[in-house]
Amino acid sequence: MGGVTPASLAPILLVLGDEELLATRAVTEAVTKVRSVDPEVDVREYQASALTVGEIAEMLSPSLFGGRRLLILRSGQDARKDLVAALLAYAKNPDPEVQLLVLHLGGAKGKAFADGLRAAGATVVPAAKLKGHRDRVAFVRDEIRRAGGKCTDDAAEALIAAVGNDMRELAAACSQLVADTDGRISAETVSRYYRGRVEVTGFTVADATMVGDVPAALEALRWALHVGVDPVPIADALADGVRTVARVASAGRGSPYQLASSLGMPAWKIERAQRQGRGWTPEGLVRAMQVAAECNAAVKGGSDDRAYALERAVFSVAAARQGSTR
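Count along the sequence shown starting at 1, add 3, and that's the number in our numbering.
What the hints contain is simulated information worked out from the structure, not anything from laboratory work. Everything numeric in this text was worked out from a predicted model, so none of it was measured. One or more hints might be untrue.
Said to hold, decoys possible - Restraint-style ranges between C-beta atoms, simulated for each label pair:
1. 304 / 48: 42 to 48 Å
2. 246 / 84: 51 to 57 Å
3. 187 / 41: 37 to 43 Å
4. 157 / 53: 21 to 27 Å
5. 315 / 246: 43 to 49 Å
6. 135 / 315: 31 to 37 Å
7. 236 / 135: 18 to 24 Å
8. 297 / 187: 39 to 45 Å
9. 225 / 34: 45 to 51 Å
10. 47 / 246: 53 to 59 Å
11. 185 / 83: 49 to 55 Å
12. 111 / 254: 34 to 40 Å
Think of the CB as a built atom: it goes at the ideal place given N, C-alpha and C, for glycine as much as any other residue.
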């Protein structure tokens, strides 16, 4: 935290959003920063709903004994009107020795309080949950950068596939990857590091099959079955992969964002299907859809060897694609 000075501390911080990881991190960083300026800083935490105007006035007024203070107000959206009025009045002329940090979920409840703090010049720290796939990719890239590394979009995609969407797990995984490697994270790095985790979903099997990578598809399939993934969702994922590529291919050219509304699917899924669809012909996709339907019937119909039905489907779909490229 070198270079932090009293003047660089924002008098009012508004942590806006409902993602616990980001909100907790914002509080931790604020405390660390102010302690680097004054190790004896008085840090106090309060719940907005339980705080009275008299108490907040006492805490925000100049101290007889001097010293820096950091006041953390949690659940700002629950503050009563009289408290909101007092805090907004204070925000117009804050004490330079006091830093006020307000956590607010960012929804409709208590919106006037958040808007008022922002209008008064509060420094806003975004802490909203990530809504879409692209946001998660950007989050992973930023996390790896924070840890001192670099990664590609492909690597971020692979890490999300391996770890899932939970932000705490993703943050921990990013930190661990950078610590255990040279910091340059590629999709291959993630695959090596998470071999056995990245390959346990049906969608991983489907993705490899749709691009004709039979060895990767079979490795993923065998690992998934080995660790106990049910064959039914694997068959469903394969069918969904073929169906999605066929739907996107039939929609014609266009950007993923243009096609998203007409196809009723997210842009990232369309973008992936466009990549996977290269090299396929309409005839090949028709054959692949037949194979996927037969596989589904065998797996769900209680075939004696459901693993064999899935393996055969992988080979047959890849063969349909290969037939397309000839």
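Hints and how they fare:
The beta-carbon spacing between residue 304 and residue 48, approximately 59 Å, falls outside the hinted interval of 42 to 48 Å. With their beta carbons about 53 Å apart, residue 246 and residue 84 fall inside the hinted range of 51 to 57 Å. At roughly 39 Å, the beta carbons of residue 187 and residue 41 sit within the given window of 37 to 43 Å. For residue 157 and residue 53, the Cβ-Cβ distance of about 48 Å falls outside the hinted range of 21 to 27 Å, so the restraint is violated.
Separation of residue 315 from residue 246 is about 19 Å and departs from the stated range, judged on CB atoms against 43 to 49 Å. Taking the beta carbon of each, residue 135 and residue 315 are about 36 Å apart, inside 31 to 37 Å as hinted. Roughly 23 Å separates the CB atoms of residue 236 and residue 135, a value that falls within the hinted 18 to 24 Å. Look at residue 297 against residue 187: about 44 Å separates their beta carbons, and that is inside 39 to 45 Å.
Distance hint check: the CB atoms of residue 225 and residue 34 are about 49 Å apart, consistent with the given range 45 to 51 Å. Checked against the hint of 53 to 59 Å, the pair residue 47 and residue 246 passes, with Cβ atoms roughly 57 Å apart. Between residue 185 and residue 83 the CB atoms are about 53 Å apart, so this pair conforms to the stated range of 49 to 55 Å. As the Cβ distance of residue 111 to residue 254 is approximately 36 Å, the hint placing it in 34 to 40 Å holds.
Of the numbered hints stated above, those contradicted by the structure are hints 1, 4, 5, listed in ascending order.
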